[in-house]
Amino acid sequence: MTKRNTQIYWIGFSIVLALLIVAPMVLPEFWRRFVTEILIWGLLAMSSDILIGYAGMVSFGHSAFFGLGMYGAAAALLMVRPPNLWLAIVYGLIGAAGVALFVAYFSTRLRDIYFAITTLIFSQIFYVIIFTWTEVTGGENGLTFSRPALAIPGLFSVPFTSENLHWFVLAVVTASYLILRRIMQSPFGMVLQSIRENEQRTRAIGYPVERYKMVAVMLSGLFAGLAGVLYAIQNRFAAPDFVYFLVSGEAVIFNVMGGMGTLVGPIAGAGFFLLLRELFSRFFTEYYLIPVGIIFIAMVIFMPQGLLGFARRWLNQ
Amino acid sequence: MDAVLQFLEAIPYDQILIQTVNGIVTGMILALVASGLTLIFGIMDVVNFAHGELFMLGAYVGVVVMAATGNFWVALILSTLTVAMLGAALQLTTLRPLIGRDPLTTILATFGVSLVLQNYALWQFGPVARKIQEPFSGHFSLFYLDYPWYRLLIAGLSAAIIGAFWLFLKYGTYGIWIRATTQDRVMAQAMGIPVPWVHTFVFAIGAGMAAASGVLFGPLVGVNHAMGLDWVLKAFIVVVVGGMGNLGGSIAASIFISLLEAYASIWVSPAQAVIVSFVVLVLTLLFRPTGLFVPTPK
Chain A
11 MTKRNTQIYW IGFSIVLALL IVAPMVLPEF WRRFVTEILI WGLLAMSSDI LIGYAGMVSF
71 GHSAFFGLGM YGAAAALLMV RPPNLWLAIV YGLIGAAGVA LFVAYFSTRL RDIYFAITTL
131 IFSQIFYVII FTWTEVTGGE NGLTFSRPAL AIPGLFSVPF TSENLHWFVL AVVTASYLIL
191 RRIMQSPFGM VLQSIRENEQ RTRAIGYPVE RYKMVAVMLS GLFAGLAGVL YAIQNRFAAP
251 DFVYFLVSGE AVIFNVMGGM GTLVGPIAGA GFFLLLRELF SRFFTEYYLI PVGIIFIAMV
311 IFMPQGLLGF ARRWLNQ
Chain B
314 MDAVLQFLEA IPYDQILIQT VNGIVTGMIL ALVASGLTLI FGIMDVVNFA HGELFMLGAY
374 VGVVVMAATG NFWVALILST LTVAMLGAAL QLTTLRPLIG RDPLTTILAT FGVSLVLQNY
434 ALWQFGPVAR KIQEPFSGHF SLFYLDYPWY RLLIAGLSAA IIGAFWLFLK YGTYGIWIRA
494 TTQDRVMAQA MGIPVPWVHT FVFAIGAGMA AASGVLFGPL VGVNHAMGLD WVLKAFIVVV
554 VGGMGNLGGS IAASIFISLL EAYASIWVSP AQAVIVSFVV LVLTLLFRPT GLFVPTPK
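As you go down the protein sequences, you meet chains A and B in turn. Residue numbers for the first sequence follow the numbering used here, beginning at 11 and rising by one. Residue numbers for the second sequence follow the numbering used here, beginning at 314 and rising by one.
By construction, these hints were calculated from the structure, which means they are not laboratory data. The beta carbon of each residue, even a glycine, is placed where N, CA and C say it ideally should be. Hints are supplied without guarantee of correctness; some may be wrong.
Part of the chain B face toward chain A, derived, beta carbon under 10 Å [stated by the list, open to error]:
1. Thr406
2. Leu430
3. Asn537
4. Ile550
Derived Cβ-Cβ restraints for the label pairs, each shown as a range [as the list claims (entries may be wrong)]:
5. A/Arg121 <-> B/Val499: 21 to 29 Å
6. A/Ile193 <-> B/Gln446: 55 to 63 Å
7. A/Ile104 <-> B/Pro440: 45 to 53 Å
8. A/Val26 <-> B/Gln446: 54 to 62 Å
9. A/Arg121 <-> B/Thr486: 34 to 42 Å
All chains should be modelled from the sequences, with the hints used to inform the complete structure.
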C-alpha cells in the first residue's frame, strides 16, 4: 500500500515537473514571467513552511532573509567584475545566513506569538537600516544592476532569456524542494515536528530543543535568501520594499492558502494568491487586497488546512 | 577634568527638556494604544494585528465627523463609539469562530483584517493625508519654542482615559467580570459570567481606545492610511517589553521607550531613532524575556 502511494507520489511529481518544464515554450511572455515569479515566491513560502508547518513557529520576519539575499546578490553583481551568477548566489546566501544567525540566536528563546512578534520586529530593524543607509544600499531607490550570464565556468556561458531563466529557477526550486523534503523526513525533521506537537515532551526526552530551533531558523533563512537572489536576478534590482514586513506577511498567507507542512502547498498557495491578485486587480485595480484579504480570512476560519492540506500525509511520506 | 566639563557643557539641556516633554506626550498616546492591545491579549490570547488599523480608522472617522460638525469633542466621542462597534463586529465575525484554536491563527486572521481595512481606507480616502483641526491652538513658550498646549492636553486626556478604565476594571461590576475572565476563563464561565460576550466587549473597548488615540493624535501629524503600521509595531514592542497582558507594565514601557526615542532623535534622524526601541526590545528579550516591568518569576 505505502509502496503504491510512493509510486503515485513520484508519478504526480514528475507530471507537475514536466508541465513546468514545458510551460515557457507554450505560454506567452506575460504568463511565462508569471510562472517564474510563482516559483520564486513559492521558494520563499516553502522556506518559511519549515518553521510554520514543521516546527510550529510562525515567522513574520522572512522578508529580512529574502531582502538580504537580494542585497547580497546586488553587492556581488555591482562590485565584482565581470558579474558572476554563482558569486551572486554565494553572496546572497552569506547575507541571509548572517541575518538568520542573528535572528535565530535571539528569537528562538521565545515561543508562539512572542516568536512571531520578535521576528517581525527584527525584520523591521533591517528594513530601517537598509532604508536609511543611503550611501550603501541606495536607500528608498534601491540598487539596480544588470543580469549576469547563465554560465558554468569552463563549460558554457549564455545570456539569460526568459525561457532559460525559468528553467534555471525551476531547477533551483526543484532541488531545494527535494533537499528540504529529505531533511524534513530525516531524524532532524522528525524532531522539529515533535517540537511542534509537544515541546515539553521533546525536551524531556533529551533533545536540545533550542539548538534544533536555531538550526531550523538558519536553514529556513538560507532558502529564503536563495529566493531573494533569484528574485534579484529576475528583476535586476534590490529595493527596501522587499525587506518590509508585508512581504513576510505574504509568505505566511501563501502558507495558509496552500497548506502548511507540505512544502509544495506553499508553492500552490503562492500560485493561488498571485492568480487571485491578477484576477481582482482587473476589477479593483490596486485595491485587490480587499477581496483577497477577505478570502484569506475566510480560509483561516473555514479551511485552516489550505488547498493541499488534505494531501498532507501523502506528500510527506 | 576639563574633558568632563566640556562634555557637560556640550549636553543640550534645553533640547533634552523639550524632548522629555515630547517623549511623555507620545508615550501617553502610545500607552493608550498599547493598553488596548495588551488588554485584548491578556483576556483572550489574541494578538491583534489590526490594532493599528483601528487607530487609523478612528482618526479617519474623526476627520469625517469634524468635517460634518466642526466640533473636535463630538468627533472624539463619535469616532470612539463607531470604531468600538466595528471592533465588536470584527470580533463576532472573525475571532469568535477561532476560539479554542491555536492562538497563532488569531494573528493570521487579524493580519488579514488589517490588510482589508488598510486598503479600504486607501480606497475610500485616497493617498493624500488629511488633517484634523486641533480644538484650540494656544501656545506657551518653552525655551526658544512655542509649545502648543494641545500636546499637553493629549497627555492629560490619555492619562484620564487610562485612569478611568483602570477604575472601571477595579470597581465596576463588568470590570470585575473582565478581570475574572482574565484569571480563569473556565471558572468564570462556571460562575455565570457570559465569557464570549466579555470577549466581544473587551475587544470593543480596546478598539475604542485605539480610535480615541487616533483622533487625539490626528492634529499632530496628517491622517493617512499607513499610519497604523508604525503604531502597531511600537505597541507590540511596548507590550513585549512591559510584559504581555500587564497593563501597568505596558504604560511604564510606553513612556520609557518614547522618552528614549525622543532623546535619541536629538542626535539622529527620527527614522533611525526607532532602532533604539528595537535595541531595548532585544536587550529585554535577552535578559528578562517575561518583560522589564514585571517581577522576576521564581
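Checked hints:
Interface restraint check for B/Thr406: the shortest CB-CB distance to chain A comes to about 9 Å, inside 10 Å, so the restraint holds. Interface hint at B/Leu430: satisfied, since its Cβ lies 9 Å from the closest Cβ of chain A, which is below the 10 Å cut-off. For B/Asn537, the interface hint is violated, since its Cβ never comes within 10 Å of a Cβ in chain A; the closest pair sits about 15 Å apart. This hint holds: B/Ile550 has a C-beta 6 Å from the nearest C-beta of chain A, less than the 10 Å allowed.
Separation of A/Arg121 from B/Val499 is about 23 Å and conforms to the stated range, judged on CB atoms against 21 to 29 Å. Checked against the given bound of 55 to 63 Å, the beta carbons of A/Ile193 and B/Gln446, roughly 60 Å apart, stay inside it. At about 38 Å, the CB distance of A/Ile104 to B/Pro440 disagrees with the hint of 45 to 53 Å. At roughly 60 Å, the beta carbons of A/Val26 and B/Gln446 sit within the given window of 54 to 62 Å.
A beta carbon spacing of about 35 Å between A/Arg121 and B/Thr486 agrees with the range 34 to 42 Å that was offered as a hint.
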